[in-house]
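Novice: Chains Y and E, in that order, are what the protein sequence lines are.
Under this note's numbering, the first residue of the first sequence carries the number 1, and numbering increases by one thereafter.
Under this note's numbering, the first residue of the second sequence carries the number 1, and numbering increases by one thereafter.
If you're looking for bench data, these hints aren't it; they were derived computationally from the structure.
Note that this is a predicted model, so its numbers are computed, not measured.
Watch out, some of these pointers could steer you wrong.
Repeated chains share a single entry, so a pair holds when one copy, or any two copies, can fit it.
As a list, the in silico DSS-like pairs of lysine-lysine whose alpha-carbon atoms are at most 30 Å apart [stated by the list, open to error]:
1. Lys482 to Lys381
2. Lys381 to Lys516
3. Lys468 to Lys406
4. Lys437 to Lys381
5. Lys516 to Lys406
6. Lys406 to Lys482
7. Lys115 to Lys532
8. Lys468 to Lys516
9. Lys516 to Lys172
10. Lys102 to Lys131
11. Lys532 to Lys468
12. Lys131 to Lys516
13. Lys472 to Lys381
14. Lys180 to Lys472
15. Lys457 to Lys472
16. Lys457 to Lys115
17. Lys131 to Lys54
18. Lys468 to Lys381
Number of protein chains: 2
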Amino acid sequence: MKPLHNFTYRIVYLVALTLAPVAALAADKQPNVARESAKSDQVEQWGVFEIALKGPADGNPFVDVELSASFTNGDAKAVPRSAIHGFYDGDGTYRIRFMPDKQGPWEYVTTSTRKELDGRRGKFTVIAPAKNNHGPVSVRNTYHFGYADGTPYYPFGTTCYAWIHQADDAQKETLAALAKSPFNKVRMLVFPKWYAYNRREPSVYPFEGTPPNHWDLTRFNPEFFRHLEESVAQLGELGIEADLILFHPYDERHWGFDHMPADADDRYLRYIVARLSAYRNVWWSLANEYDLLRAKSESDWDRFFEIIARDDPYGHLRSIHNCRLIYNQTSPLVTHASIQDGAAVEDVGRAEILRDVYRKPIVYDEVKYEGDLDQRWGNLKPEELVFRFWNAIIAGTYATHGETYKAQPDQVWWSHGRVLQGQSPARIGFLRKIIEKGPPEGINPIDPWQDMRTAGKRGEYYLIYFGKETPKDWTFELPATKLAEPLDFRVDVIDTWNMTITPLEGVFHCTLRPDKYRYACENRPTVDLGGKPYMALRVTRVHSDR
Amino acid sequence: MKPLHNFTYRIVYLVALTLAPVAALAADKQPNVARESAKSDQVEQWGVFEIALKGPADGNPFVDVELSASFTNGDAKAVPRSAIHGFYDGDGTYRIRFMPDKQGPWEYVTTSTRKELDGRRGKFTVIAPAKNNHGPVSVRNTYHFGYADGTPYYPFGTTCYAWIHQADDAQKETLAALAKSPFNKVRMLVFPKWYAYNRREPSVYPFEGTPPNHWDLTRFNPEFFRHLEESVAQLGELGIEADLILFHPYDERHWGFDHMPADADDRYLRYIVARLSAYRNVWWSLANEYDLLRAKSESDWDRFFEIIARDDPYGHLRSIHNCRLIYNQTSPLVTHASIQDGAAVEDVGRAEILRDVYRKPIVYDEVKYEGDLDQRWGNLKPEELVFRFWNAIIAGTYATHGETYKAQPDQVWWSHGRVLQGQSPARIGFLRKIIEKGPPEGINPIDPWQDMRTAGKRGEYYLIYFGKETPKDWTFELPATKLAEPLDFRVDVIDTWNMTITPLEGVFHCTLRPDKYRYACENRPTVDLGGKPYMALRVTRVHSDR
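Just chain Y, with the same shape it has in the complex:
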């Protein structure tokens, strides 16, 4: 035990970070969240309630002091939240953040190895969430996601690995571009990136020390993490989930954050979880290309999952992204499979296999990027990336966007953010709108092993995607299910590239075919598809009486 030093504490102040997502963000306007000016004893459900305490600043508070709090609400049946970890934020300030999941009165009491931080009590009130606050996202219906308030969440993510490590104006541009984009998830690195197109020092580092590689790994730099939090909150205001990548291999021993000793790794994880888990839009992505972090073994990653699952009281989504070697995604600590596969979403049948294997949501978080790099992973045509998104959806899975046009090497969206130049985002947005109007349970394969083009909700809603086929027409036919007749359907013709939806007149009455595997209509009516690629059909059940 270190000697107990004298100190004063000034105030217990409460900070409600509203984090309310807004539909669009003006590019020239910084979102005013994550600032400590908003003191209040009220907080929204799923908002961030913060306790700030003054405590010792000498010694090394990052490792010397343990601090946590227990939270209870008025409802005796409610599960109390115990051992919410606090953290040291520099300058003698300690904070404990809490995301309440129930409305009404709450109380807390702190526990600490330091007497002056121990036994602090307080009360606050949790009010209804704002309109665009749906709570955190979790797994729903085995293969899909939903917000805590019941709203479905369909991930349509993009990739801006190092956007928070760019100049301030670049970060503003990125947020403005995201606000106008169809994307509701961003994959982003915590640590800075040293890699092709990325050889600049950031303005702030996660540890105390001297760049490039003299760090005191026992002392975090609060300024770095405050910036990270502000960025996460800004995304939250845009309704965007922050898929935070906790480790990555793009360091090349420049800073060495890819090969810290195990105790530093573990301390970093506990610190970032204590700081950020109260932000409802946080997802934990343990790594990008985990298998390229050569200094770590698979058991390190197992341990990281355990630390996060234990320390994060809210069970935010947990995943790990691979290069060539797929992690054991079967582990119950992995909430969804975050997969890099350069070919899986070229084919619905490929993309679907991992659903059967893992029985959890499959997010193809790297499927190659729209762009014009020399590298094969960065030169997809926009049509190809849109095709891959549709294949992922028809497979009952999800894909993530990335863009790598090299014209301006300091603003490649995939890493720096700034400006989206590609043609795929608009089409991805078009797809997203279709999915959000579809069944809230999510899109699932209808007759796998037989009909790879058709997905949806059995008996009610079908998307039929023709991909690169160029059919002149389509004869009405659907995979059979045990349904009572009449079986009446309406059909919309979708041009996925030109973004048009054309409803057909009339209703298709169909019956079970003799082979009992398909439904068909009596006169075998056809639908004109114009011989073009990238066409789809939306077939919706009509339940009114004939």
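Guided by the hints, dock chain E onto chain Y, whose structure is given.
Specialist: Below, chain E alone, put in the same frame as chain Y:
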């Protein structure tokens, strides 16, 4: 404890089952193995050494008596084999079977809960294996298999679920057909089958009792198991692995073997493992379509894997086959993934995904069958099944054959065996010969995510398969690897359906292309492929000087 009864024991006799695979078996000649006439104190390495002891016949010896033996050989460094379980074989006879893995002198001593079976000692000599005895098969090079003597084993299996439950002459016909076939593995059920085309009572049942469903599940019927063992030994003589399916759902509550209580399941597993694990060609397939055995939960299957892994001293291959729900094949108790997927091998890219997921051999043990059933799983054209076999191989995996021509409903090969009528076996045999002449390490994808047609061994051996494409020609080009030049290759053109291999004259000299992803030749020479489907190329490195 039950009272100890008086009895006599007659003899400790040793039975060496030679099990030597022979190239072909005359249809009219029963293989003379698994008979107790071959008494000897010598046994081949990987043969079956058997101790037979007389013991109590009263009470219920199947549950009352524990018997095992420890085996040691002269080499002090050799691992002793302890706790080899014995079993009761009826009529007061107890047996302990042992498969020695080292040549030289061995000793054993028995342990039993019955004094008269306890402390029995003996010696025997293990001699060199016969020419066609390569030992048991285990996993090799992560994705492949090999015999214990180092010979590669490439599974080219077929499916005769209920062949041992047919009339005697049918079983002889099946063995004769197998002897002439290209197949070196048979998937077969232990319990009889009650299903479409399979509604006959077998001549013998696994338990004492009265058919169809009055069984004493605590008393096995040794006759049933002796017949099973003889069948396994007969396959062994043909060089065929017996992929024994321990549970299956094709019972429809007729006999009830699909929903026995847990203690009966476990006792059955321990009994069959004690009886059969000394047979070197046994593989344990826990189930066919395990997820259709509705009375069992996944934890039952977990327990079954544990029982078999614990009781089988030789670690025979262990797998479990699914219908729709894939078991957790990541478990270290699963030696290889035995997968039913009706579509995975339609596409190399699909088939390959499970390699990345499981990092163990992938055997697609049900890929639909060549036949003409109304059911979609049983009406593949022969071309389609051969296509699927090639896709599996190019993906670095394996497929299993099945045949379902319904002309004679009591001799559908898939279940009854008897006669192979299809056109795929000859082509599968042609493929097997090619693979057996290929790299002993097995065929692996060369440039996944980019080139799905090419597999083999980097820098040395490539198979390029065009499947249903009908290219007129092919421009010489290979995925690049870090190889020192000169890079000289010879090319054979393979017609996989017409079973021809045409070597091309001359050598292709190639260099790295500017994009660094491919090798190509200077004048871009082409190879004529005739515009036909199902063509392949074999490209082999030439190491001699130019």
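Novice: Decide, hint by hint, whether the structure agrees.
Specialist: Quick rundown of the hints versus the structure:
1. Lys482 to Lys381: between (41 Å within a copy, 29 Å between copies)
2. Lys381 to Lys516: Between copies, since 21 Å is at most 30 Å while 41 Å is not.
3. Lys468 to Lys406: within (27 Å within a copy, 37 Å between copies)
4. Lys437 to Lys381: within (27 Å within a copy, 41 Å between copies)
5. Lys516 to Lys406: between (53 Å within a copy, 19 Å between copies)
6. Lys406 to Lys482: between (52 Å within a copy, 27 Å between copies)
7. Lys115 to Lys532: For Lys115 and Lys532, the Cα distance exceeds 30 Å both inside one copy (73 Å) and across copies (83 Å).
8. Lys468 to Lys516: both (29 Å within a copy, 29 Å between copies)
9. Lys516 to Lys172: neither (58 Å within a copy, 38 Å between copies)
10. Lys102 to Lys131: within (16 Å within a copy, 74 Å between copies)
11. Lys532 to Lys468: both (8 Å within a copy, 23 Å between copies)
12. Lys131 to Lys516: Classified as neither; 47 Å inside a copy, 53 Å across copies.
13. Lys472 to Lys381: both (24 Å within a copy, 28 Å between copies)
14. Lys180 to Lys472: Cα proximity of Lys180 and Lys472: none, with 36 Å in one copy and 49 Å across.
15. Lys457 to Lys472: Result: close within a single copy only, 26 Å intra versus 43 Å inter.
16. Lys457 to Lys115: neither (58 Å within a copy, 66 Å between copies)
17. Lys131 to Lys54: neither (34 Å within a copy, 82 Å between copies)
18. Lys468 to Lys381: both (13 Å within a copy, 26 Å between copies)
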